[in-house]
Amino acid sequence: NAGVTQTPKFQVLKTGQSMTLQCAQDMNHEYMSWYRQDPGMGLRLIHYSVGAGITDQGEVPNGYNVSRSTTEDFPLRLLSAAPSQTSVYFCASNKQGSTEAFFGQGTRLTVV
Amino acid sequence: GQQVMQIPQYQHVQEGEDFTTYCNSSTTLSNIQWYKQRPGGHPVFLIQLVKSGEVKKQKRLTFQFGEAKKNSSLHITATQTTDVGTYFCAGRSSNTGKLIFGQGTTLQVKP
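Order-wise, the sequence lines are chains R and U.
For the first sequence, the numbering used here begins at 439 and goes up steadily by one.
For the second sequence, the numbering used here begins at 17 and goes up steadily by one.
It should be emphasised that the hints constitute simulated quantities derived from the structure, not laboratory data.
Ideal Cβ placement from N, Cα and C applies to all residues, glycine included.
It is possible that part of the hints are untrue.
Here are some, though not all, of the chain U residues that point toward chain R, as calculated from beta-carbon distances under 10 Å [said to hold, decoys possible]:
1) 22
2) 38
3) 47
4) 49
5) 55
6) 71
7) 115
8) 118
9) 119
Chain R on its own, in the form it takes in the complex (with noise of 0.2 Å):
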């Protein structure tokens, strides 16, 4: 049981390049969220999912897309890097009506 995994660990990226952040969770858990880590900002959601084929918008969408093809899987699509999306990624499951929500090992990437 492996809980939630979360790759790759480190990324440098160009402006303008695009790229896939993955995520994975094995507790058959059906919410999944992707937050944002920045100093003195706390985590902040992006993006989140209560299901297989469904999810919505959280506090900071912009410039980042999503999809739950399953309900294992919920990768973080940036479709074009800006600088402003240095940060730390991390990516959360929780059960349904459950309480704590398990989190990733997170993603560092930094935009140049």
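On the provided structure of chain R, position chain U as indicated by the hints.
Relative to chain R, chain U alone:
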């Protein structure tokens, strides 16, 4: 939209001193959760409070949920160096299921 504010942003204490962080929501919450993030790590769930006025304890940590279910606090008695990290509160919307985090309080403990 739902906003969760947390103060203070930083707190430096001497080992053995007490520490408190406060969390306020712009809307009534169905529950409030607390997480701890060690430096370089990921957030780890500590506890959830659900009932109005609820108080829960975990060893030296005391968590409170306000009567109006719009504020909460975490109090650490006699801090230790192992308490170092950032403490986040998070409110879950009963309508959408979204979990919204406060900005966090970073605790430094001087030995």
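Each hint, compared with the structure:
no.	hint	in the structure
1	22	7 Å, holds
2	38	14 Å, violated
3	47	7 Å, holds
4	49	7 Å, holds
5	55	12 Å, violated
6	71	17 Å, violated
7	115	6 Å, holds
8	118	6 Å, holds
9	119	4 Å, holds
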